[in-house]
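Asks: Spelled out from the first residue to the last, the chains are:
2 protein chains.
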Amino acid sequence: MQTQALPGFRDFYPADLALRTHIFQTWRSVAARYGFEEYDGPPLEPLDLYTAKSGDEIVGQLYNFTDKGDRQVALRPEMTPTLARMVAAQAGKLRKPIRWFSIPQLFRYERQQRGRLREHFQLNCDLIGEAGPLGDAELIALAIDVLRAFGLGPGDVRVRLSDRRVLSKLLQHRGVPPSGMSRAYEIIDKIERLRKEQIDELSSRPDVFAPATVSDLVDISRIRGWDHLESELAHSSELSKSGGHLKETYESLSAMGLAEFVDVDLTIVRGLAYYTGVVFEVFDARRTLRAICGGGRYDDLLDAVGGVQLPAAGFGMGDVVLGELLREKGQIPPGGASIDVFMAYITREDLPHVLTLAHQLRDAAVRVEYALTPQAVGKQLKLADSRNVRFAVVVGPDERARDEILIKDLRSGSQESIPMNSLANTIKARMNG
Amino acid sequence: MQTQALPGFRDFYPADLALRTHIFQTWRSVAARYGFEEYDGPPLEPLDLYTAKSGDEIVGQLYNFTDKGDRQVALRPEMTPTLARMVAAQAGKLRKPIRWFSIPQLFRYERQQRGRLREHFQLNCDLIGEAGPLGDAELIALAIDVLRAFGLGPGDVRVRLSDRRVLSKLLQHRGVPPSGMSRAYEIIDKIERLRKEQIDELSSRPDVFAPATVSDLVDISRIRGWDHLESELAHSSELSKSGGHLKETYESLSAMGLAEFVDVDLTIVRGLAYYTGVVFEVFDARRTLRAICGGGRYDDLLDAVGGVQLPAAGFGMGDVVLGELLREKGQIPPGGASIDVFMAYITREDLPHVLTLAHQLRDAAVRVEYALTPQAVGKQLKLADSRNVRFAVVVGPDERARDEILIKDLRSGSQESIPMNSLANTIKARMNG
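From first to last, the protein sequence lines stand for chains A and B.
So for the first sequence, this note's numbering puts the first residue at 1; every next one is plus one.
So for the second sequence, this note's numbering puts the first residue at 1001; every next one is plus one.
Each hint should be verified, as a subset may be incorrect.
[What the hints assert, rightly or not] Straight-line C-alpha distance at most 20 angstroms; calculated PhoX-like pairs for lysine-lysine:
id : chain 1 : residue 1 : chain 2 : residue 2
1  : B       : K1247     : A       : K93
2  : A       : K382      : B       : K1096
3  : A       : K96       : B       : K1379
4  : B       : K1093     : B       : K1169
5  : A       : K68       : B       : K1068
6  : B       : K1379     : B       : K1408
7  : A       : K68       : A       : K96
8  : A       : K379      : B       : K1241
9  : B       : K1169     : B       : K1241
10 : A       : K382      : B       : K1093
11 : B       : K1408     : B       : K1382
12 : A       : K169      : A       : K247
The set of hints was computed from the structure by calculation and includes no laboratory data.
Please model the complete structure; the sequences and the hints are all you need to start from.
Replies: Next up, the structure:
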């Protein structure tokens, strides 16, 4: 007898599902405002779709197996390879730029820890066929607007914005040779989390990024805000030119009124190797949770995975960290009643009338329940109370003799008899009133 | 380079996803009218959750494997075991009757043929903790109302309704011994599809259901409609009593105005061994497709799988056959435009104003797009046309000098200049008007 889900997998009881639905609906409605259309792909894909992009080492984190047709398959750990596959298959036919979003459930076999499940849902938004900075701004604005739609403001969430092209030029300007670039990225990525002794220790020996030093990296990692970065870039025209795309992205976000959410911050490197330009992550302002959202420009990926040359940018936002933040900020909407009307009956002979009327109400899109086992009317009304329902409708022999029924408004306590054939209209009017 | 999904798995491009969304929204809205609340469980479950219910032979049809923690796991082939597991885990806390629905994606490794995929989505509605016929009627009415909501009438879809208890009593009355019951069920189940020679062949030799004969089974399989069945049941009070539950189910559906969809028909046996009472299937009226929906009462299952004694009934309705029927009946809603407003700009200097105004519109839940690469205004308006959008809004230096913008209604061909700060209100008013 099995009563537990697998470790790292969630059961969604109705209250949990209501939060998930709130998250999905908000994701969908904001994506639609940006003209994004929803797509989906299979949760099970050929294994080589993932190894082609991420190398064989990813297999250690996958739910992969051999199917009964001897195919190497895996539960999807991320959506981008499926997206690249689907776009490649129809590349000629699809209108550019492609504005697509999806809400896949993703799977990774990971060591379990708080907030690290083995499955989660993720909003994926991608803009394909557009290389310019307005595209990056569009995606970042979409991510911010999603969070605003959840009731979060610039005091709750912060976008950390960088551009790989700027970072690489700045590192080059400080003397980092091409062969030292990825090591420099790696240190920049974690420099915030290093203790002073660790930095001193790093500084005490030459590294592959010499002649640049650890203190050059520290300098770069401390740049905060567009103005600060712009003054750093003023040192050469090549540097200044490298910042053009980021500048326009930032200014576009300003024109949209969203700059107050954005911190230019070059320590955002993004672990995945495939980003080529603007990259960003969104964190809770107090930085107590993992990233809420991350993404950027990946102009070479569609060629690598799907053999199609199209510039692209996108982001992913998971439901788990977001849910934690909403809970922390009190932004989880209260659960409502599952029904609008409870119908009660006094005698067995009233029951067919209840069935008829209940069905009329349901046809008018009213949510109705009634006791499926005949029982005393008092007990039925107690049932109605337990449902937190607004209206109880009582059908009895006396009312029926007059072609009437009794409506009780359980919120106001008022009750009145109305003509039986006006029930649906009366309830609809009161629900809207 | 991988451009194909696995065989039997679907890619949902936006047009396909729009149909899926239409199906899911209709499922959700009708389930809500019946007070059903949505739940979900993991798509990956312990293998023994399925073998406990269906025996080891089911493994041949599963996507099963050993995970990296040495657990035997399987992609869910059906939802009921997960439901039973979840209900069992919280049985004491959950309000009865439990009215739950879910829209899981289900997976089976099957031989491929038309309409037989290896994954599909299925609406699952279950009513747990209610043994009476009103519960069965409630579920069947919900299934019918879902189909009505898709624009299908009694000339399009037919519910075939039976009750295992009635069938078993009728077979017993004709002389079928307990040991011959499952063989008799098996023949009843397929009797419609047997050719005359096959029936003659069966009749020519004694079977385990003797002294009953094949012609007894043929008689029973030819019973059509409640009145016909009732006259058959009139032969004994025990028979008549066995029909009480089915009678009340049928009469309840009549009171709801849904009897015109329902054919009482004892050849509906349902393959799964666990049904204990009322069973039903829904077919397209011409019977050219597989079943659209099937379900019934399974009072013993929760005990067997979850160790909780609660009566239960439910049904499943898949998206694949339903989609085929909707297509055949012309009931697929036409795809709409993905945006409401396309914003165009005449000079580079107009762009920041476009960004500001577009964001204001998006904040007002209007779906907006604009050219992400600056281009001639004529080209932008062509882009707007290709989007099938209703409104184009043009920002140019002359209009800006007057604090105005130009709105073109691409449906009516009319255009007018309005104050810039009234854009959102004007668009909202016209969209609703």
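Asks: Tell me if the straight-line CA distance from A/K382 to B/K1096 falls inside 20 angstroms.
Replies: holds (13 angstroms)
Asks: Between B/K1379 and B/K1408, does the CA-CA distance stay at or below 20 angstroms?
Replies: holds (15 angstroms)
Asks: Take the C-alpha atoms of B/K1408 and B/K1382, compute the straight-line distance between them, and say whether it is at most 20 angstroms.
Replies: holds (13 angstroms)
Asks: Take a quick look at whether A/K68 and A/K96 sit within 20 angstroms of each other, Cα to Cα.
Replies: violated (39 angstroms)
Asks: Holds or violated: A/K169 with A/K247, Cα cutoff 20 angstroms?
Replies: holds (15 angstroms)
Asks: Can the restraint linking A/K379 and B/K1241 be considered satisfied, given a maximum Cα separation of 20 angstroms?
Replies: Violated, because 29 angstroms separates the two Cα atoms, which is more than 20 angstroms.
Asks: Next pair to validate is A/K68 with B/K1068; report whether the Cα-Cα distance is within 20 angstroms.
Replies: holds (19 angstroms)
Asks: Straight-line Cα separation of B/K1247 and A/K93 no greater than 20 angstroms?
Replies: Violated, at roughly 56 angstroms.
Asks: With the threshold set at 20 angstroms, check whether the alpha-carbon distance from A/K382 to B/K1093 stays at or below it.
Replies: Cα-Cα ~18 angstroms, so holds.
Asks: Are B/K1169 and B/K1241 close enough, with their CA atoms no more than 20 angstroms apart?
Replies: holds (10 angstroms)
Asks: Hey, B/K1093 versus B/K1169, does the alpha-carbon distance stay inside 20 angstroms?
Replies: violated (37 angstroms)
Asks: A/K96 and B/K1379 were given as a pair; does the straight-line alpha-carbon distance stay at or below 20 angstroms?
Replies: Holds: A/K96 and B/K1379 sit about 14 angstroms apart, inside 20 angstroms.
Comparing the model with each earlier hint shows violations of hints 1, 4, 7 and 8; every other hint is respected.
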